Amino acid sequence: MTIEAKLAELGLELPEAPAPAANYVPYVVSGNMVYVSGQISADENGLIVGTLGQDLDVAAGKAAAKRCALSLLAQVKAACGGDLNRLVKVVKLGAFVNSTADFVEQPQVVNGASDLLVEVLGDLGRHARSAVSSPSLPLGVAVEIDGVFEIK
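Counting in the working numbering, the sequence shown runs from 28 upward without gaps.
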């Protein structure tokens with residue numbers, strides 16, 4: 028089954044690959060690696076904003092992280108000239124969670140992205156990662172995630 032077919036089976040659609048908001052590129056391809064810039068939490072209604080431990084609970088944070096993962100895949104698809112099946116492996120995610128000083132469930136929030144990638148890609152989606160707290164993120168978003176991917 029293709030990655031696109033698996034997404035469709037799960038009722039998921041990739042968003043348009045977001046354009047960068049400043050003087051940087053959304054991804055860099057170097058050899059067989061794709062380095063994707065941080066993707067901020069957004070859905071069809073706009074930005075997903077808020078602070079975990081204050082405005083948002085873990086379930087809302089997981090949903091925001093899932094949307095970041097879909098944007099990461101959209102960028103990988105763009106990097107692969109529209110052929111997402113060139114993806115070999117998700118290597119690493121770096122995740123930032125907008126959270127209060129006493130919120131300690133960043134890993135559970137980032138599971139929203141990790142779980143989605145494994146659900147869609149199986150073992151190809153298993154990756155190393157970091158999940159860290161941030162007192163604020165660009166535009167007030169709840170989650171931002173960057174990633175490293177291997178392609179063929």
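Note that these hints are calculated values from the structure, not bench results.
Just so you know, not all the hints are guaranteed correct.
[To be verified] Below 25 Å or equal to it, Euclidean Cα-Cα: the simulated DSS-like pairs (lysine-lysine) are: (1) 119 to 104; (2) 33 to 104; (3) 179 to 33; (4) 119 to 179.
[To be verified] Derived DEER-like restraints, expressed as beta-carbon distance ranges: (5) 58 to 81: 37 to 47 Å; (6) 70 to 161: 33 to 43 Å; (7) 109 to 57: 29 to 39 Å; (8) 129 to 35: 21 to 31 Å.
If you're wondering where the values come from, they're calculated on a predicted model, not measured in any experiment.
All residues carry an ideal CB built from backbone N, CA and C; glycine is no exception.
Right, here's what the structure says about each hint:
1. 119 to 104: Holds, at roughly 17 Å.
2. 33 to 104: Within the cut-off at roughly 14 Å; holds.
3. 179 to 33: Cα-Cα ~20 Å, so holds.
4. 119 to 179: holds, 17 Å
5. 58 to 81: 37 to 47 Å: holds, 42 Å
6. 70 to 161: 33 to 43 Å: For residue 161 against residue 70, whose Cβ atoms are near 20 Å apart, the range 33 to 43 Å is violated.
7. 109 to 57: 29 to 39 Å: For residue 109 and residue 57 the Cβ distance comes to about 20 Å; the hint is violated.
8. 129 to 35: 21 to 31 Å: violated, 41 Å
In terms of the numbered hints stated before, the structure departs from hints 6, 7 and 8, listed from lowest to highest.
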